[in-house]
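Chemist: Start from the sequences, fold in the hints, and give me the full structure.
Reading the sequence shown from the start, the letters are residues 634 to 748 in our numbering.
Worth flagging that the hints you see were computed from the coordinates, not collected in a lab.
Cβ coordinates follow ideal geometry from the N, Cα and C atoms, glycine included.
Check each hint, because a few of them may be wrong.
Said to hold, decoys possible - Cβ-Cβ distance ranges computed for the label pairs, FRET-style:
{"hint": "1", "residue 1": "Ser745", "residue 2": "Ala699", "range": "16 to 22 Å"}
{"hint": "2", "residue 1": "Ala647", "residue 2": "Tyr681", "range": "37 to 43 Å"}
{"hint": "3", "residue 1": "Ala739", "residue 2": "Arg719", "range": "28 to 34 Å"}
{"hint": "4", "residue 1": "Tyr664", "residue 2": "Leu735", "range": "30 to 36 Å"}
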Amino acid sequence: MPNLVFVRDARLRALFGLSLAALLFTLAVMYAEIGTIRGPLIVHFDAYRGIDATGGRPDLFLLPVAGLLMLALDMALASALYERERFVSHLIAFAGLAFSLLILIASFAIMSVNL
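Modeler: So, in structure tokens, the structure goes:
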């Protein structure tokens, strides 16, 4: 198992911390807002075809949970590459933050359609 260097590096700790906070905030808001809705929910819609996919409440939580799994992989990869290429590990952490923010935006868009 790689040494978890993001504990020592302040930039990596901040980037991974912000990513984790964004994903946990997304999960908390989704749980609070979507938890009250009964019946099928809109998972995907298109301006031309309309609603293409519906699903239940567990289907909506797949996006942030996949983001948490990607964040764990990013942490492991950044830790493995830190000693050889610090720039790449910082780039991975920044890309993870951008990905977490995109998940936040997409989840809020899905919630706005369903509320």
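Chemist: Now tell me if each hint is right for this structure.
Modeler: Structure-based check of all given hints:
no.: 1; hint: Ser745 with Ala699: 16 to 22 Å; verdict: holds (20 Å)
no.: 2; hint: Ala647 with Tyr681: 37 to 43 Å; verdict: holds (41 Å)
no.: 3; hint: Ala739 with Arg719: 28 to 34 Å; verdict: holds (30 Å)
no.: 4; hint: Tyr664 with Leu735: 30 to 36 Å; verdict: violated (20 Å)
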